[in-house]
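K.L.:
The residues making up each chain are set out below.
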Amino acid sequence: MTYEFLVASSIGVLVAGGIYLSMRARTFQVVLGLTLFSYAVNLFLFASGRLALNRPPIWDKAVTEYTDPLPQALVLTAIVITFGMTAFVVILALRSFLETGSDHVDGDNVPCDGDDGEAGRGE
Amino acid sequence: MVHALTLYLLVALPFVAALLIALTAGGSRALHSGLAGAASAGGLVLLAGLAGPVIGGDIPSTSVSWVPQLGLDLTLMVDPLGLMFAGLILGIGLLVVIFAHFYLYKGEATGRFFASLMLFQGAMLGIVVAGNVLLLLVFWELTSLSSFLLIGFWQHKAEGRQGARMALAVTGGGGLALIGGMVLLGVVAGSFDLATILERGAQVQASPLYPAILGLILLGCFTKSAQFPFHFWLPHAMAAPTPVSAYLHSATMVKAGVFLLARLWPVLAGTELYTTIVTSVGLVTMVFAAVVALFRHDLKSILAYSTISQLGLLVMLLGFSLETAVLAAVLHILNHAAFKAALFMAAGIVDHETGTRDIRRLGGLAKAMPVTAAVATLAAASMAGLPPLGGFISKELMLYETPKLALFGLPWLLPVLATIGATFSVGYSLRLAWHLFFGRPRDPEPFARAHDPAPGMWAPSAFLTALAVLLGLVPMLLAAPLVGAATGAVTGGAVPEFDLALWHGVNLALILSMIAVAGGALMLWRHAALLRAWESIAHLDAKRMFEAVLAWADTWLRKFIVATHTPSLQRMLLATFGVIVALIIDGALVGGGTFTGARPGITASAPAIMAWALLIAATAAVVNDARQRFRVLIYISVIGLVVSLAFVRFSAPDLALTQISVEVVTILLLLLALNLLPKAPPILSSTPRKWRDGALAVTGGALVGALAWAMLTRDAESSISAFHLANSKPGGGGTNVVNVILVDFRAFDTLGEIIVLGIAGLAIFALLDTAARGSAGARLAKWEEDMPHSPERHPMMFVMASRIALPLTLTVGIYLFLRGHNQPGGGFIAALVIAIAFLLQYLAAGYDWTDRRRRFGEHQMIAWGVLVAMATGLGSWLFGAPFLTSTFEYFSLPLIGKFELASAMLFDTGVFLTVFGAVMLALAQLSHIAQRAARAYAAKRAAEAGEAP
Chain A
1 MTYEFLVASS IGVLVAGGIY LSMRARTFQV VLGLTLFSYA VNLFLFASGR LALNRPPIWD
61 KAVTEYTDPL PQALVLTAIV ITFGMTAFVV ILALRSFLET GSDHVDGDNV PCDGDDGEAG
121 RGE
Chain B
1 MVHALTLYLL VALPFVAALL IALTAGGSRA LHSGLAGAAS AGGLVLLAGL AGPVIGGDIP
61 STSVSWVPQL GLDLTLMVDP LGLMFAGLIL GIGLLVVIFA HFYLYKGEAT GRFFASLMLF
121 QGAMLGIVVA GNVLLLLVFW ELTSLSSFLL IGFWQHKAEG RQGARMALAV TGGGGLALIG
181 GMVLLGVVAG SFDLATILER GAQVQASPLY PAILGLILLG CFTKSAQFPF HFWLPHAMAA
241 PTPVSAYLHS ATMVKAGVFL LARLWPVLAG TELYTTIVTS VGLVTMVFAA VVALFRHDLK
301 SILAYSTISQ LGLLVMLLGF SLETAVLAAV LHILNHAAFK AALFMAAGIV DHETGTRDIR
361 RLGGLAKAMP VTAAVATLAA ASMAGLPPLG GFISKELMLY ETPKLALFGL PWLLPVLATI
421 GATFSVGYSL RLAWHLFFGR PRDPEPFARA HDPAPGMWAP SAFLTALAVL LGLVPMLLAA
481 PLVGAATGAV TGGAVPEFDL ALWHGVNLAL ILSMIAVAGG ALMLWRHAAL LRAWESIAHL
541 DAKRMFEAVL AWADTWLRKF IVATHTPSLQ RMLLATFGVI VALIIDGALV GGGTFTGARP
601 GITASAPAIM AWALLIAATA AVVNDARQRF RVLIYISVIG LVVSLAFVRF SAPDLALTQI
661 SVEVVTILLL LLALNLLPKA PPILSSTPRK WRDGALAVTG GALVGALAWA MLTRDAESSI
721 SAFHLANSKP GGGGTNVVNV ILVDFRAFDT LGEIIVLGIA GLAIFALLDT AARGSAGARL
781 AKWEEDMPHS PERHPMMFVM ASRIALPLTL TVGIYLFLRG HNQPGGGFIA ALVIAIAFLL
841 QYLAAGYDWT DRRRRFGEHQ MIAWGVLVAM ATGLGSWLFG APFLTSTFEY FSLPLIGKFE
901 LASAMLFDTG VFLTVFGAVM LALAQLSHIA QRAARAYAAK RAAEAGEAP
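Taken in order, these protein sequences are the chains called A and B.
Heads up: the first sequence runs through residues 1 to 123, numbered per the UniProt record's numbering.
Heads up: the second sequence runs through residues 1 to 949, numbered per the UniProt record's numbering.
FYI, nobody ran anything at the bench for these hints, they're computed from the structure.
Hints may contain errors.
Said to hold, decoys possible - Listed below are the simulated DSS-like cross-link pairs for lysine-lysine, each with C-alpha atoms no more than 25 Å apart in a straight line:
1) A:K61 x B:K898
2) B:K898 x B:K679
3) B:K679 x B:K782
4) A:K61 x B:K157
5) B:K898 x B:K729
6) B:K157 x B:K543
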């Protein structure tokens, strides 16, 4: 097996999980889906610079071969922005749950256990 | 150059005054009106300096490129037409400011009033001196907006709000059409420069687009100038304070449409299409509105319809496409501005002093308010077109022109209808003056109150009436040079020979004029009978129709939106993902080529394969176990860890450091949020739906994975990366190319990103800070501990370990920051690491303990971070370099040795501050909310325990 296969298949699996979870009805599942998606997107962006072992983009007189630094710079900020986005969506979901008592993405009235402290008991 | 400054100052003065008035909104009325008056007077002085050269044939102009890609230049020019209108705008503006100073009641928001009025003045001035049609459009829209503010000035009155909305809908809608027309015009003429367009009339008229251009521009003009069938907004705009009506709805804004017709006369006029449309619309408007005006009872409503009628007259004259008719129009613009503004002010005085504007309750006011009566009667006589006043001359000129054009092939049509219109004009003018000031008082109550106001209130009106009289007595002396020059400017040709005088001998125009006066007098005599006849026929209520159309549009738009734009996130995502999947399949089918490229792969090591298996398993567990939310967080962190390891393996140390620290912060955040969210709610999706989504997910995942595979097995195209590698050390002064890209080559991107992050942090704060109130607060108060907790809230070992870890982590963070330019590290990573160090304290010792020892404000850190980063970028301007150019220098100090200082380091400090502030703000605020809920719960439990025994 090559690294290329490992990375490509990981991206595929993460995307599949991301799609499935982000189409669920509860906000927290959507957040999880977004998180999986973000991993996949960041990996994909990073992979556009192709894979290289032991060639970090740290300039040195003695070294002539480097990996592509540009996707790395883009992905670095993307990771931080991902955190910002995830945090915002989580808090939005939390506020909407506190406001309406429902954690459905469209605000539908659905049974939630958080409201009455019945967590884990109603399975 | 001198002219350029004058022109800019001319347009800028009202805006500056508006700003100053708005800033001193709490100040006195005298301050506000003083500023407004000074700006108007200053503008008049500037304009007077230009008047001589402009009438002499010089056209001062200046131009600065604004958005050259669009052809939008800041071109200003004053030709005789612009000069005349600018004079009207500033002159009447000054008088209206004086009038309004006395008119507005005690306690009214004079700051808002005069600021809006000056905003309007600036916009209107902009229209008449704009030398670029796109610039003209900008000012045109601004007049619609400021007019909206002024009509709705009395916000507590429903008719004010409705009138304002109607005016904005009609004139704003016309403005949209005008934008289309002007853009087409500019494209056809090949330039947006007004002077250039005016020279290319033949080219425009020959174009197949000419009918579209004409139609769209006329829509804009007709809506603005209240031409039939768009006239209905103007009577409802009378809900505005009277000074506004006198200014906007008689003398200036409604004339913008007429102005634009005149301005574009050389380009648009002369064709059969233009003549027919413009003349007949003007004619219909003139006659129709004059008839309606005769039967209205509200003083301002009478004046509104008479304004519509007079505007119709102007439009009709411009529609003739004859130079002599243009001359009549230009003269009548001056006359109308003088007598109509005077009449509006007089109506305002009557309203102010008697408490009513209903003409059926007034009468005989000449005894009670002789000055107002004299002024208004003279102005009304000019409106009626009686000699020896200004209105007589322009009406004669109009009637003289009518036989020259055979509308629809009927030579008698225009003279007859124009005479009918003139007859009704005489009728409503005479009725206005007679029923208001003469005869017996109809209602004793308003009459008893009536008296002449302070001179400051009637003086502006009297001044305008004096002008109206002088325009009749000495027209050649007073108006001829300006009227001649303005006519020349409109037609773009030589000024026709003309002689303005009261007596031209007996001719057709005089006879028609005499018929009109006699007919008007007859109408006044038999007004009661005519009114009964008028009231016996049914009338359409334009306002109700307008509201009905709005309601209809509202209903159907709602239906359309619901039909096309589902409010369900799930359905929307289904559509989005479905389309993306289809696009990828389509691309694969159309693109062809081989699936696997030629680039040789790198054989994976055994630990790598194990990590990969871990990632796949964890992802599957996340999906499968998504309901057990705490367990899922562990799976998520496994995925994050494997991704970080992948970055390490594939030569991306910076990414690995960022990913691992973001991972810690994200998990902490989710953990805190989950404390307040449902932990394991029942499943909602039905089984078929799960299968459907699952199929889509597997297809999507397979396709994206295949895409990644196809990409990874091919070599990269040559990119700009080689440049970054080559210039990192010599150009950016750093050996860590990734960091140099972030803080130097693409620092502008980074600046945008930290701003986004800062906004996210602040938005989170806003969402959480208000969560303690309302129904969210009630639900928080009901929160119950619903998961097993350690009996010890703050375990001793953890607290001690976290305190030892703090200085160590801080040191690591600072080290990472300092070496970031040359080795893996930098502002992003350092901020995350140090944030983790502090968050650990919150976690171990609790929110309260940590918050009491906190010495920094997160809000300020975000602000300072963005400011520092921006200041670093702006700093390069001081050295004449573009925004965010960096510099670096090597220094040496004893003991420490040689070291480097780069301006990029300062930028990185900004990044550090913003990222740190945003992360801390989000998490600290969340833990604050959680802690409060927990404390409330503990207190409740303690109270219950106290009651039990």
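K.L.:
Next, verify each hint and record whether it holds.
P.N.:
Outcome of the hint check:
1. With a C-alpha separation of about 19 Å, the suggested pairing of K61 (chain A) with K898 (chain B) holds against the 25 Å cut-off.
2. At most 25 Å may separate the alpha-carbon atoms for a hinted pair to count; K898 (chain B) and K679 (chain B) exceed this at roughly 57 Å.
3. At roughly 16 Å between alpha-carbon atoms, K679 (chain B) and K782 (chain B) fall within 25 Å of each other, so this suggested pair holds.
4. With a CA separation close to 78 Å, the supplied pair K61 (chain A) and K157 (chain B) exceeds the 25 Å bound.
5. Straight-line distance between C-alpha atoms of K898 (chain B) and K729 (chain B) comes to about 16 Å, which keeps the hinted pair within the 25 Å bound.
6. Distance restraint check for K157 (chain B) and K543 (chain B): the Cα-Cα separation of roughly 16 Å lies within the 25 Å cut-off, and the hinted pair is therefore satisfied.
Violated hints for the displayed structure, listed by number in ascending order: 2, 4.
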